[in-house]
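Just so you know, numbering that gives the first Met the number 0 puts 229 at position 230 of the sequence shown, and the rest follows in order with no gaps.
It cannot be assumed that every hint is accurate.
Stated by the list, open to error - Pair ranges (Cβ atoms, derived): (1) D69 <-> Y222: 19 to 25 Å; (2) D451 <-> D69: 51 to 57 Å; (3) D121 <-> D41: 46 to 52 Å; (4) P166 <-> D41: 26 to 32 Å; (5) D490 <-> G281: 14 to 20 Å; (6) P117 <-> A368: 27 to 33 Å; (7) G281 <-> A108: 25 to 31 Å; (8) D223 <-> A431: 28 to 34 Å; (9) D199 <-> V144: 16 to 22 Å; (10) R68 <-> T115: 21 to 27 Å; (11) Q217 <-> G315: 46 to 52 Å; (12) D121 <-> E86: 40 to 46 Å; (13) D121 <-> D210: 46 to 52 Å.
To be verified - In silico SDA-like links for lysine to any residue, alpha-carbon gap of 20 Å or less: (14) K40 <-> A431; (15) K412 <-> L445; (16) K40 <-> R437.
Worth flagging that the hints you see were computed from the coordinates, not collected in a lab. The beta carbon of each residue, even a glycine, is placed where N, CA and C say it ideally should be.
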Amino acid sequence: MPNTWWRGAAIYQVYLRSFADGNGDGVGDLAGLRSRLPYLKDLGADAIWLNPWYPSPMADGGYDVADYRDIEPVFGTLAEAESFITEAHELDIKVIIDVVPNHSSTASAWFQEALTDPSTRDRFWFRDQPNDWQSIFGGPAWTQVPDGQWYLHLFAPEQPDFNWDNPEVHAEFEDVLRFWFERGVDGVRIDSAALLLKSDTAYEDLDGVHDVYRRWRQVADSYDERVLIGEVWLPDQERFARYLRPDELHTAFNFDFLSCPWDPAELRRVIDLTLTTHAPVGAPPTWVLSNHDVTRPVTRYGRADTSFAHGGALHGTPSDAELGYRRARAAALLAMALPGGLYVYQGEELGLPEVEDLPDDLRQDPMYARSGGTNPGRDGCRVPLPWSGDEPPFGFSPAVAQPWLPQPESWRKLSAEAQLADLDSMLNLYRAGLRLRRELLGDGTLHWLPYDPAVLAFTRDSGLTCVTNLGTEAVRLPAGEVLLTSGPLEDGALPPDTTAWLAG
0 MPNTWWRGAA IYQVYLRSFA DGNGDGVGDL AGLRSRLPYL KDLGADAIWL NPWYPSPMAD
60 GGYDVADYRD IEPVFGTLAE AESFITEAHE LDIKVIIDVV PNHSSTASAW FQEALTDPST
120 RDRFWFRDQP NDWQSIFGGP AWTQVPDGQW YLHLFAPEQP DFNWDNPEVH AEFEDVLRFW
180 FERGVDGVRI DSAALLLKSD TAYEDLDGVH DVYRRWRQVA DSYDERVLIG EVWLPDQERF
240 ARYLRPDELH TAFNFDFLSC PWDPAELRRV IDLTLTTHAP VGAPPTWVLS NHDVTRPVTR
300 YGRADTSFAH GGALHGTPSD AELGYRRARA AALLAMALPG GLYVYQGEEL GLPEVEDLPD
360 DLRQDPMYAR SGGTNPGRDG CRVPLPWSGD EPPFGFSPAV AQPWLPQPES WRKLSAEAQL
420 ADLDSMLNLY RAGLRLRREL LGDGTLHWLP YDPAVLAFTR DSGLTCVTNL GTEAVRLPAG
480 EVLLTSGPLE DGALPPDTTA WLAG
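Model the full assembly from the supplied sequences, consistent with the hints where possible.
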């Protein structure tokens, strides 16, 4: 298996609306991202994954795509996107974009044509009578159009599902892949990858979806070192692994690890299961602590229940900020040390907490509205980043414009500028960890070391040893030079909720 870049890359996720605002309108854009490319280079990012940047009414943060071959004007232009790709490549940073094949937007040309010409409706999932399916965002999964038919939307009503039984849909997306590969994009992340095909009784993980990705793999392989990354939420690991067979996707997100509680037995179980699942198909694992849909680790790890599940049930439950911060640092070094690819969601390197006190009238996530307010939605992990200064917008915008979501005043201590000046900051921990990871870690294997049950300890191919103490007492470290720790040692011993890297 060739050692291609994506097998061990550190990939930084950019939620464009919230990363950096270049024109002062309070919304992140390509100009802001381009200005911060040196920051990402210095951080140690091997690649950038961007959430959808296409024209969109933004009913679901851009995942309601109106045109797959252009850029949302709020973010910039297609020419700016091409310049961004070129500038990233000049810094040896790869570019991965989101492709959303399960659904479109009600504003798309295809759907607007379907409303006026029923003979074109076979591109979507129209029926004379709806079934009882419920939307993943809450409420019915069907909406009626004026002539009486109903269309399926597994997410928001503004996101009509494509009908993948129609060859036109296949041809459209294969052309979309080529469009972006021709412009230098190095890979695509496939949203809701297991949901594309439907029957009258099921819509997840139908066998025919693998034929879609076999064809996509042929398209990707016709270019040099392009990668297909699946968002595949499946509890059955054997079925999950089918998406990673050598003629399908290259890699997929590891949601078991992301959702896992801060518990030594559970973490080891998930790590072992992940490695066992990926080995037979020759695919590299991925390790993810957070993303644009998930409660931030600093908040999650400070709760009594440190697991994650969609639905917002833990929103607002008490969180020990100091404990969560310490565990998030330890988790970061643990994730960086594991074999395979790593994803870092923007703001994770700053130790940002979840913003749980957003005013209800400012919440934009459709999960909030469609649940009748019982689910707060995902806006709390999407608040714009603090870059510099002592008050909002903390350098996010060049003007004093209010960001599209308000930033807490307390974030002045968490800005990138403030943390760069603090050698013990979360940002400098990530910079040091990612630098060492590039030299000593990435793709490969691990070997577990015998240790206290509350401790995860393993060696990597390079000889680096990682030790994470999830217990309540300090533990001895093995022999070796200490390269990096997530927190200070206690007389040479590793305190609770702390990770150390050692050279043998």
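The hints, checked one at a time:
no.	hint	verdict
1	D69 <-> Y222: 19 to 25 Å	holds, 21 Å
2	D451 <-> D69: 51 to 57 Å	holds, 56 Å
3	D121 <-> D41: 46 to 52 Å	holds, 50 Å
4	P166 <-> D41: 26 to 32 Å	violated, 47 Å
5	D490 <-> G281: 14 to 20 Å	violated, 44 Å
6	P117 <-> A368: 27 to 33 Å	holds, 29 Å
7	G281 <-> A108: 25 to 31 Å	violated, 40 Å
8	D223 <-> A431: 28 to 34 Å	holds, 32 Å
9	D199 <-> V144: 16 to 22 Å	holds, 20 Å
10	R68 <-> T115: 21 to 27 Å	holds, 22 Å
11	Q217 <-> G315: 46 to 52 Å	holds, 48 Å
12	D121 <-> E86: 40 to 46 Å	holds, 42 Å
13	D121 <-> D210: 46 to 52 Å	violated, 19 Å
14	K40 <-> A431	holds, 13 Å
15	K412 <-> L445	violated, 37 Å
16	K40 <-> R437	holds, 12 Å
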